[in-house]
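Spelled out, the chains give:
Number of protein chains: 2
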Amino acid sequence: MSNKPTLHTSISPALLNLYDISNSVVVIIDVFRATSTIASALYNGARCVIPVDSVPKAIEISRNIGGIAAGERDGMIAEGLSHGNSPLEYPREFIENKTLVLTTTNGTRLLQMALDKNADTIISGSFPNLDAVCEYLVKAGKNVIMGCAGWKDRFNLEDTLFAGAVIHEVKKHFTVHCDSSLMAETLYDKYKNKLIDFAPKLTHYHRLVERFGLIEDIRYCLTPNLANVLPLYADGKLVAQ
Amino acid sequence: MSNKPTLHTSISPALLNLYDISNSVVVIIDVFRATSTIASALYNGARCVIPVDSVPKAIEISRNIGGIAAGERDGMIAEGLSHGNSPLEYPREFIENKTLVLTTTNGTRLLQMALDKNADTIISGSFPNLDAVCEYLVKAGKNVIMGCAGWKDRFNLEDTLFAGAVIHEVKKHFTVHCDSSLMAETLYDKYKNKLIDFAPKLTHYHRLVERFGLIEDIRYCLTPNLANVLPLYADGKLVAQ
Numbered sequence: 068m069s070n071k072p073t074l075h076t077s078i079s080p081a082l083l084n085l086y087d088i089s090n091s092v093v094v095i096i097d098v099f100r101a102t103s104t105i106a107s108a109l110y111n112g113a114r115c116v117i118p119v120d121s122v123p124k125a126i127e128i129s130r131n132i133g134g135i136a137a138g139e140r141d142g143m144i145a146e147g148l149s150h151g152n153s154p155l156e157y158p159r160e161f162i163e164n165k166t167l168v169l170t171t172t173n174g175t176r177l178l179q180m181a182l183d184k185n186a187d188t189i190i191s192g193s194f195p196n197l198d199a200v201c202e203y204l205v206k207a208g209k210n211v212i213m214g215c216a217g218w219k220d221r222f223n224l225e226d227t228l229f230a231g232a233v234i235h236e237v238k239k240h241f242t243v244h245c246d247s248s249l250m251a252e253t254l255y256d257k258y259k260n261k262l263i264d265f266a267p268k269l270t271h272y273h274r275l276v277e278r279f280g281l282i283e284d285i286r287y288c289l290t291p292n293l294a295n296v297l298p299l300y301a302d303g304k305l306v307a308q
Numbered sequence: 068m069s070n071k072p073t074l075h076t077s078i079s080p081a082l083l084n085l086y087d088i089s090n091s092v093v094v095i096i097d098v099f100r101a102t103s104t105i106a107s108a109l110y111n112g113a114r115c116v117i118p119v120d121s122v123p124k125a126i127e128i129s130r131n132i133g134g135i136a137a138g139e140r141d142g143m144i145a146e147g148l149s150h151g152n153s154p155l156e157y158p159r160e161f162i163e164n165k166t167l168v169l170t171t172t173n174g175t176r177l178l179q180m181a182l183d184k185n186a187d188t189i190i191s192g193s194f195p196n197l198d199a200v201c202e203y204l205v206k207a208g209k210n211v212i213m214g215c216a217g218w219k220d221r222f223n224l225e226d227t228l229f230a231g232a233v234i235h236e237v238k239k240h241f242t243v244h245c246d247s248s249l250m251a252e253t254l255y256d257k258y259k260n261k262l263i264d265f266a267p268k269l270t271h272y273h274r275l276v277e278r279f280g281l282i283e284d285i286r287y288c289l290t291p292n293l294a295n296v297l298p299l300y301a302d303g304k305l306v307a308q
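These protein sequence lines map, in sequence, to chains L and P.
Heads up: the first sequence begins at 68 in our numbering, then just goes up one per residue.
Heads up: the second sequence begins at 68 in our numbering, then just goes up one per residue.
Don't read these hints as lab results, they were simulated from the structure.
Among the hints, erroneous ones may be present.
It does not matter which identical chain is used: a pair holds within one copy or between any two.
Stated by the list, open to error - DMTMM-like cross-link-like pairs, simulated, lysine to aspartate or glutamate; straight-line CA separation at most 25 angstroms:
hint, residue 1, residue 2
1, 219, 198
2, 209, 127
3, 209, 302
4, 219, 183
5, 184, 220
6, 124, 183
7, 71, 127
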């Protein structure tokens, strides 16, 4: 048997409990748009991102620390907040040296699940910080769970495509023996040079573009390495490494 | 909006509860090997297949009715039984006019879940009865859930490839707007002419071939229309329509 660390892909939060994450790095993946927004905010100089699971908590924490409360529910800026879950809302001139307190439909919930199950390490991944994720995983040399946030426990392709992108880059350093990972890499390999052209086929695209006109968000979220930073979770915060 | 019936793909039994199956035909898919074995037995003249969830129940029922008790656990003939879950064990000269009482790791369990959730109709599908499944679904004109049995709630590619094969054939008759179905059809389209060559990449292939030498089973289970019959579940039995 190889003594390389293992890599598995969990394609829905409802499947995370099938994996032993206590000795693994869990990569939280919510391509549209939480983990892309986290990469964007940290890349542009946010002090940290505090993920929380409710709007009242986002408002309370941001008041206490003087941060920016932000978040979405069902794709829209959440009621009671004035900032949403778009990576384009957080340019350097707005977010530098500030703390973003973020609540989202899927990504935040998955992160909480990984915490509850005592993940060894939690990082967040998205196309804008693809290379930083790959470099971290190879250097850490630990087992990896690619954790797709999906949409309300349903499978989605964009998170799986990102898992596939990482697998494509790092697989020689890991034992990858899991049909979810094989599926993810196969799909990424097919669409890697036309991710943005493929996007209109995604269920989530219709939600974001046809209902909310967020085509620029989609482009940002599917472009590798625009915000190449590694968000590592510790003590309630995601901080750039 | 189109008024075609909908088609969704549930890629793990753990995700079945995300779908309203009470107004749907649920296609139980366990390519390696339960639903291929069901097709084989019925095609070769078995009176019916009674799926049960335990070995003692298989033995008891088969004694009471004079049937054949059969099943597997973890890929092997289950302890206490002398017949397993291979489609090649049930040629006409053995199974004709007999009742097969079958217990398996994944397929039987998913069927029970679909029953518990009051599926409108339950049929079983596999490559050997691909065309019969497609014809039935188009004719029925009801909503469809392609229900992949997976492996102990994990995603597997062979069940998803079969879902993709059905989608490929019937999609113009349905509203298909679900990333799982898109993924399934995309993968099937890529591998449709080389399913048997692709098989060695599957996790389940290693279980069946490297541990148990079941290469002929794999070939049978990946060949369309060798046992083109439609197993419909009613009153505790799967019967050929």
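Against the structure, the hints come out as follows:
no.	hint	in the structure
1	219 x 198	neither (27 angstroms within a copy, 33 angstroms between copies)
2	209 x 127	neither (36 angstroms within a copy, 49 angstroms between copies)
3	209 x 302	within (21 angstroms within a copy, 51 angstroms between copies)
4	219 x 183	both (18 angstroms within a copy, 22 angstroms between copies)
5	184 x 220	both (17 angstroms within a copy, 18 angstroms between copies)
6	124 x 183	within (18 angstroms within a copy, 38 angstroms between copies)
7	71 x 127	neither (44 angstroms within a copy, 47 angstroms between copies)
The structure fails to meet hints 1, 2, 7 from the earlier list, while all remaining hints are met.
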